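Asks: Sequence:
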Amino acid sequence: MKIFKSLSKYKNLNSSVLTVGTFDGVHIGHQKVIKKLNKNKQDNQSVILTFFPHPRMVLQKGVALKLLNTLKEKQELLEKTDLDYLVIEPFTKEFSRLTALDFTRNILVNILKIKKLVIGYDHRFGRNREGDFEQLQEYGDLYNFEVNEISVQDIENIAVSSTKIRNALNQGNIEIANTFLGYEYMLTGKVVYGRGLGKKWNYPTINIQIDEDYKLIPKTGVYLIRTMVHRKPYFGIMNIGFRPTVDGKHQTIEVHLLDFNADLYGQNIQVNLIKRLRDEQKFSSVEILFNQINKDELLARQLIEQCL
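In terms of my numbering, the sequence shown is residues 8 to 315.
No lab work stands behind these hints: they were computed from the structure. Quick caveat, the model's predicted, so the values are computed rather than measured. Ideal placement from N, C-alpha and C gives every residue a C-beta, glycine not left out. Just to be clear, a hint being listed does not mean it is correct.
Stated by the list, open to error - Pairwise CB distance ranges, derived in the manner of DEER restraints:
1) K100 / P240: 42 to 50 Å
2) K302 / R238: 28 to 36 Å
3) F290 / E219: 30 to 38 Å
4) K302 / K18: 52 to 60 Å
5) D50 / K79: 29 to 37 Å
6) K18 / K289: 26 to 34 Å
7) S15 / L265: 43 to 51 Å
8) Q299 / Q216: 22 to 30 Å
9) E83 / A269: 22 to 30 Å
10) T170 / C314: 38 to 46 Å
11) R104 / N45: 27 to 35 Å
12) I118 / H257: 41 to 49 Å
13) H257 / L108: 47 to 55 Å
As the list claims (entries may be wrong) - Derived pair list, reagent style DSS-like, types lysine-lysine, alpha-carbon separation capped at 27 Å:
14) K48 / K73
15) K256 / K73
16) K282 / K239
17) K282 / K226
18) K16 / K43
Assemble the whole structure, with the sequences as input and the hints as a guide.
Replies: This is the structure in structure tokens:
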């Protein structure tokens with residue numbers, strides 16, 4: 008898959024089979040669209056046109072929208088498909104003012120050279136979402152491209168949306184979110200120094216700093232996770248929260264990797280969430296806290312046996 012960071016940089020002389028959307032999460036519904044896209048490409052190139060920032064982040068300034076993927080995570084997920092090209096157009100208010108006709112003629116036809124457009128049954132486009140499926144069919148007749156609609160039945164059979172997944176994560180329902188995603192929800196960030204309390208109690212943790220403030224962090228609590236370090240898999244337990252037992256002042260993401268002993272400071276790491284084990288709690292002493300963490304580890308090891 009080749010990536011272009013704007014439409015102005017897109018260079019492809021071949022005609023394309025295209026779909027358009029934000030694709031936040033690249034969930035099983037998105038995967039169905041991409042599969043249909045690739046199935047229809049024949050002698051054309053399969054292309055996704057997506058946007059960053061998310062349009063709602065630009066057009067609805069008062070809405071603190073959290074996304075399922077960072078831009079890099081989305082790119083890596085799309086790399087796993089048979090997609091030929093990914094075009095990431097910087098979304099601006101000026102871009103949002105393009106009429107449906109201008110968007111179709113100037114972008115879809117003149118730049119992306121579409122022969123087929125694969126869209127969901129409720130797709131809207133252009134200024135104020137004025138364009139719909141019927142209008143696209145008219146433009147298709149005018150500019151010689153085919154519009155391939157994914158039916159309401161196909162979409163409803165999947166019954167999944169990015170909003171449903173966000174809600175599940177905010178409620179701590181990791182297993183439901185993972186089912187809708189078709190993969191384990193991930194957090195990606197840099198390992199940074201913490202207060203070192205875990206190490207003092209022979210329970211070292213790594214602190215993960217996520218720079219993208221738009222990334223959705225699931226509900227606070229303790230989770231079973233898995234990760235890859237130097238191409239080797241490791242399981243662990245992760246706490247998302249404010250560390251009330253030790254008077255924490257801000258939210259942290261701390262991971263204790265099981266059967267692991269190495270320095271990861273400064274490195275980037277991705278952790279995949281498998282199951283939420285419990286709520287974050289305030290204990291009357293640090294000793295009681297680490298007694299509970301030992302219990303968390305025992306439970307985690309039992310669950311890991313089921314994962315292998």
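Asks: What are the numbers of the hints the structure violates, in ascending order?
Replies: The structure conflicts with hints 6, 10, 14, although it agrees with all the remaining ones.
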